[in-house]
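S.K.: Sequence:
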Amino acid sequence: MWTRLVHLVGIIQCFLGYFLIWAFVIGLITRPPVAAMCLFMLLAAHAMSFFNTANVVTSVRNFPDHSGIAVGIMKECPRECGVLDFVLCHGVWHGFGARFTTVNNLGQIGESLGYSSSEANTLVSLWSIWNFLGGFGAGYVSDHFLYVKRLARPLFMVLTLATMSVGNAVIAYGLPGTLYAGSILVGVCYGSQWSLMPTIVSEIFGVRHMGTIFNTITVASPVGSCIFSMGVVGYIYDSEASESGCKGSHCFMLSFLIMASATLLGSLAALALFYRAKRFYSQVILGRLLHSL
Numbered sequence: 001m002w003t004r005l006v007h008l009v010g011i012i013q014c015f016l017g018y019f020l021i022w023a024f025v026i027g028l029i030t031r032p033p034v035a036a037m038c039l040f041m042l043l044a045a046h047a048m049s050f051f052n053t054a055n056v057v058t059s060v061r062n063f064p065d066h067s068g069i070a071v072g073i074m075k076e077c078p079r080e081c082g083v084l085d086f087v088l089c090h091g092v093w094h095g096f097g098a099r100f101t102t103v104n105n106l107g108q109i110g111e112s113l114g115y116s117s118s119e120a121n122t123l124v125s126l127w128s129i130w131n132f133l134g135g136f137g138a139g140y141v142s143d144h145f146l147y148v149k150r151l152a153r154p155l156f157m158v159l160t161l162a163t164m165s166v167g168n169a170v171i172a173y174g175l176p177g178t179l180y181a182g183s184i185l186v187g188v189c190y191g192s193q194w195s196l197m198p199t200i201v202s203e204i205f206g207v208r209h210m211g212t213i214f215n216t217i218t219v220a221s222p223v224g225s226c227i228f229s230m231g232v233v234g235y236i237y238d239s240e241a242s243e244s245g246c247k248g249s250h251c252f253m254l255s256f257l258i259m260a261s262a263t264l265l266g267s268l269a270a271l272a273l274f275y276r277a278k279r280f281y282s283q284v285i286l287g288r289l290l291h292s293l
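For the sequence shown, the residue numbers in UniProt numbering are 1 to 293.
It should be emphasised that the hints constitute simulated quantities derived from the structure, not laboratory data.
We put the CB at the ideal spot given by N, CA and C, even for glycine.
Hints are not guaranteed to be accurate.
As the list claims (entries may be wrong) - Straight-line distance between alpha carbons at most 20 Å, and here's what the computed DMTMM-like set of lysine to aspartate or glutamate pairs gives:
id	residue 1	residue 2
1	Lys247	Glu111
2	Lys278	Asp143
3	Lys247	Glu119
Said to hold, decoys possible - Here are the in silico distance ranges between beta carbons for each label pair:
id	residue 1	residue 2	range
4	Ser125	Gly245	20 to 28 Å
5	Tyr235	Ala181	22 to 30 Å
6	Gly114	Leu42	31 to 39 Å
7	Tyr235	Pro32	26 to 34 Å
8	Arg208	Thr30	42 to 50 Å
9	Val223	Leu254	18 to 26 Å
10	Pro176	Arg61	13 to 21 Å
11	Pro33	Ser116	32 to 40 Å
12	Leu175	Val223	25 to 33 Å
13	Ile21	Val223	22 to 30 Å
14	Arg208	Pro176	26 to 34 Å
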């Protein structure tokens with residue numbers, strides 16, 4: 001009942017947001033003020049929170065033994081608890097914030113490094129493919145290693161955040177072809193995070209209040225993006241740029257080295273989560289698995 005209601009609210013918001021934007025583009029309605037257009041975009045984007053919550057919570061409830069794969073599909077085909085919650089949110093803040101900053105600036109980074117407009121647009125277009133591969137792959141791989149190798153799932157958060165740190169460092173140096181390689185690493189790891197995070201939340205905290213916990217942790221994403229985009233990348237780019245813009249690897253090098261360091265810090269937070277939850281996984285999660293066999 002509640003899942004259908006949540007989907008209905010999301011559908012209404014999605015339709016209204018995109019319909020009003022479409023109506024303006026084709027001239028069906030007169031040009032709205034900027035505030036109204038922002039409201040249309042908010043409605044369209046806000047609908048995804050309702051779809052994600054309903055889909056993820058329902059998936060982990062219906063498929064508890066294969067929650068990693070289920071969440072990976074649901075998230076990527078369309079894309080002591082207080083201590084654990086803090087540590088998990090800390091890792092998400094660093095990883096998701098750096099990711100949004102990367103994709104939001106890909107075009108400008110490409111321009112500063114001498115890429116053509118078509119090449120920069122290709123990088124942005126391929127981003128969703130890397131997200132999908134990361135989300136689906138991480139769900140399957142983490143399920144396999146949890147059930148076959150008995151490795152706690154937070155270990156894969158450590159690996160993906162560490163790899164994302166490498167990707168940011170690769171982009172920072174601006175060598176020929178590194179923007180392609182770095183964007184692939186960051187994109188795949190970001191997709192992996194969206195698959196791993198809801199699954200780990202459901203395993204550690206259960207599904208009773210998963211909708212609330214899941215959306216609380218995802219707040220770390222826009223907060224991290226705002227801090228990195230405006231406080232780091234925007235500030236450093238403006239200080240490096242001249243009146244005609246900024247050309248060269250120095251435009252974004254320091255910014256991405258800072259994000260690489262922050263993402264590495266997030267991987268250390270995830271490592272702390274892994275060790276703290278290791279006994280819980282061996283005694284509870286794997287015990288539940290053996291009991292269900």
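S.K.: Decide, hint by hint, whether the structure agrees.
M.R.: Verification of the supplied hints:
1. Lys247 x Glu111: 8 Å, holds
2. Lys278 x Asp143: Holds, at about 15 Å.
3. Lys247 x Glu119: Status holds; Cα separation ~16 Å.
4. Ser125 x Gly245: 20 to 28 Å: This hint holds: roughly 23 Å between Cβ atoms.
5. Tyr235 x Ala181: 22 to 30 Å: 26 Å, holds
6. Gly114 x Leu42: 31 to 39 Å: 36 Å, holds
7. Tyr235 x Pro32: 26 to 34 Å: 32 Å, holds
8. Arg208 x Thr30: 42 to 50 Å: Because 48 Å falls inside the window, the suggested range holds.
9. Val223 x Leu254: 18 to 26 Å: Given about 22 Å between the Cβ atoms, the range holds.
10. Pro176 x Arg61: 13 to 21 Å: Violated - the Cβ-Cβ distance for proline 176 and arginine 61, about 48 Å, lies outside 13 to 21 Å.
11. Pro33 x Ser116: 32 to 40 Å: Once the Cβ atoms are compared, 35 Å apart, the range 32 to 40 Å for serine 116 and proline 33 holds.
12. Leu175 x Val223: 25 to 33 Å: 32 Å, holds
13. Ile21 x Val223: 22 to 30 Å: 26 Å, holds
14. Arg208 x Pro176: 26 to 34 Å: 52 Å, violated
In this structure, the earlier hints numbered 10 and 14 are contradicted, and the remaining ones agree with it.
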